[in-house]
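Top to bottom, those sequences are chains A and Z.
Numbering follows the working numbering, in which position 112 of the first sequence is assigned residue number 112; successive positions increment by one, without gaps.
Numbering follows the working numbering, in which position 83 of the second sequence is assigned residue number 302; successive positions increment by one, without gaps.
These are calculated hints, taken from the structure and not from any lab test.
Think of the CB as a built atom: it goes at the ideal place given N, C-alpha and C, for glycine as much as any other residue.
All the given hints hold, so there is nothing to weed out.
Computed footprint of chain Z on chain A; a stretch qualifies when at least three of its residues, placed anywhere within it, have a C-beta under 8 angstroms from a C-beta of chain Z:
#1 48-60
#2 77-88
#3 95-106
The calculated SDA-like cross-link candidates involving lysine to any residue, where the alpha carbons are at most 25 angstroms apart (straight line), are:
#4 K104(A) to L364(Z)
#5 K104(A) to A344(Z)
#6 K104(A) to R361(Z)
#7 K104(A) to I353(Z)
#8 K104(A) to V264(Z)
#9 K416(Z) to G390(Z)
#10 K104(A) to S358(Z)
#11 K104(A) to R116(A)
#12 K104(A) to E350(Z)
#13 K104(A) to V362(Z)
#14 K104(A) to V346(Z)
#15 K249(Z) to A238(Z)
#16 K104(A) to S271(Z)
#17 K104(A) to A357(Z)
#18 K249(Z) to L434(Z)
#19 K249(Z) to L412(Z)
#20 K104(A) to W360(Z)
#21 K104(A) to L367(Z)
#22 K104(A) to A268(Z)
#23 K104(A) to L348(Z)
#24 K104(A) to T365(Z)
#25 K249(Z) to A400(Z)
#26 K249(Z) to L302(Z)
#27 K249(Z) to S387(Z)
#28 K208(A) to L53(A)
#29 K249(Z) to L442(Z)
#30 K104(A) to R347(Z)
#31 K104(A) to H368(Z)
#32 K104(A) to R371(Z)
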Amino acid sequence: MSGLLQINGLRKRFGQRLLLDIDHLHIDAGAAYVLTGANGAGKSTLLRVLCGLEPAEVSRLVFMGESLRLSPYPRAMREAIAYVHQHPVMFSTSVADNIAYGLKGRGLSREEIRSRVDEAIAWAGIDHLRRSPPATLSGGEKQRVALARARVLRPRLLLLDEPTANLDGAAREAVIGLIPTLVHAGSSVVMACHDRDLINLPGVRRLKLREGRIEIRSA
Amino acid sequence: MHLIQAIHDAFALLVSGDANLWRIIWISVKTTLLALLIAAPFSVVCGYAIASHRFFGRRILIWLAQVSLSLPTVLIGLLLYLLLSRRGPLGELGWLFSQTGIVAGQVLIALPVLIAFTLAAVQAADVRLAETAITLGASRWRVMLTVLHEVRFGVMAAVITGFGRVISEVGCAMMVGGNIAGETRTITTAIALETSKGEFAQGIALGIVLVSISLVINAGLMLLQGDAHAAPAAR
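When you get a sec, could you build the whole thing from the sequences and use the hints?
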């Protein structure tokens with residue numbers, strides 16, 4: 001597999017406290033990773049740094065073969081990396097409009113946007129929710145809409161923060177079932193999680209964070 | 220009996236379509252709407268920017284906006300009077316005792332109200348809204364429009380509050396406008412004048428109009444808000 005993202009010397013401080021101190025991070029194209037570690041180990045912070053929501057110092061950053069700086073956050077990364085919050089928030093429009101949000105302003109035709117939204121809705125199995133106001137959705141439904149909203153952008157790298165947190169039963173299984181299909185569609189996926197079923201998904205590699213450092217990397 | 224008679228006369232005056240009375244109402248509504256049209260876009264963007272960015276002097280700006288909320292409008296009128304008077308630095312504009320001068324004063328009164336209320340609405344919004352928009356690739360302007368759309372009821376409340384404060388103020392309009400009949404006489408300055416003359420009917424009639432405007436605007440806001448006022452169980 002070819003390298004999608006390579007970072008050397010990533011440091012993230014909050015005041016005097018060093019939250020992340022990662023010498024080397026390598027994400028392969030089309031691979032899935034779980035980011036594990038105790039609460040406060042820096043999992044969410046790392047995802048937020050990678051998607052540009054938190055600034056950090058980086059010695060070297062190579063994304064899709066191009067050497068970049070992390071600050072200001074590069075346009076190439078903004079367009080190719082999608083992030084889903086642990087508890088996704090919906091805009092107060094319809095589900096379909098939420099999914100189309102990121103596609104608008106990318107120079108796509110209305111037909112192209114409609115077709116990609118339809119495809120994402122079918123993929124997430126939420127056709128019955130298409131016109132629903134997001135305020136009426138359950139936690140599991142919101143998570144699926146958020147995944148569809150990210151997937152519709154066809155990201156090269158998808159960052160998921162605890163995608164099954166606070167979900168149980170069918171809602172959790174539905175979300176777990178969607179993850180491998182993201183990888184099959186060509187995206188790399190990095191998930192911060194504690195969920196055993198996600199950690200044990202076939203082919204998923206493991207990165208374990210401890211006090212801001214990557215302690216274990218599994219092939 | 221005196222009060223009942225005055226109220227009766229006030230309704231008679233309103234129904235008769237008294238030209239002077241309706242001219243006063245028209246001047247008030249026109250200057251207020253114009254002031255809001257000028258102040259609202261700037262204030263809403265300003266309130267959003269202060270709420271969502273960290274920069275040097277931010278806390279001072281918030282403090283100033285909050286202090287300005289409690290400034291007596293007559294003081295704003297005094298400052299503006301000094302600026303616009305013939306010997307003042309802006310005297311050449313010729314805005315003193317004109318509707319333009321009233322609008323300028325109303326803009327100054329509306330700005331802190333609109334900024335402070337928009338700021339509070341944006342600060343109360345879920346921070347993940349802006350973050351989600353950013354990670355979905357929205358431009359800065361689109362992020363702002365998205366967040367403002369999500370807090371639109373708060374922004375509407377800001378505009379309504381600004382409208383209420385501006386149309387009901389008397390000090391600034393009196394000092395800068397001069398209360399000239401048919402030119403700069405507004406609802407509030409007319410009420411003050413008529414009451415001082417013992418002409419209660421016109422004062423009460425204008426008071427009824429002022430309250431009616433407030434009722435209509437607030438009813439409109441509630442309609443726009445839809446079921447946002449519904450009790451949680453009824454949603």
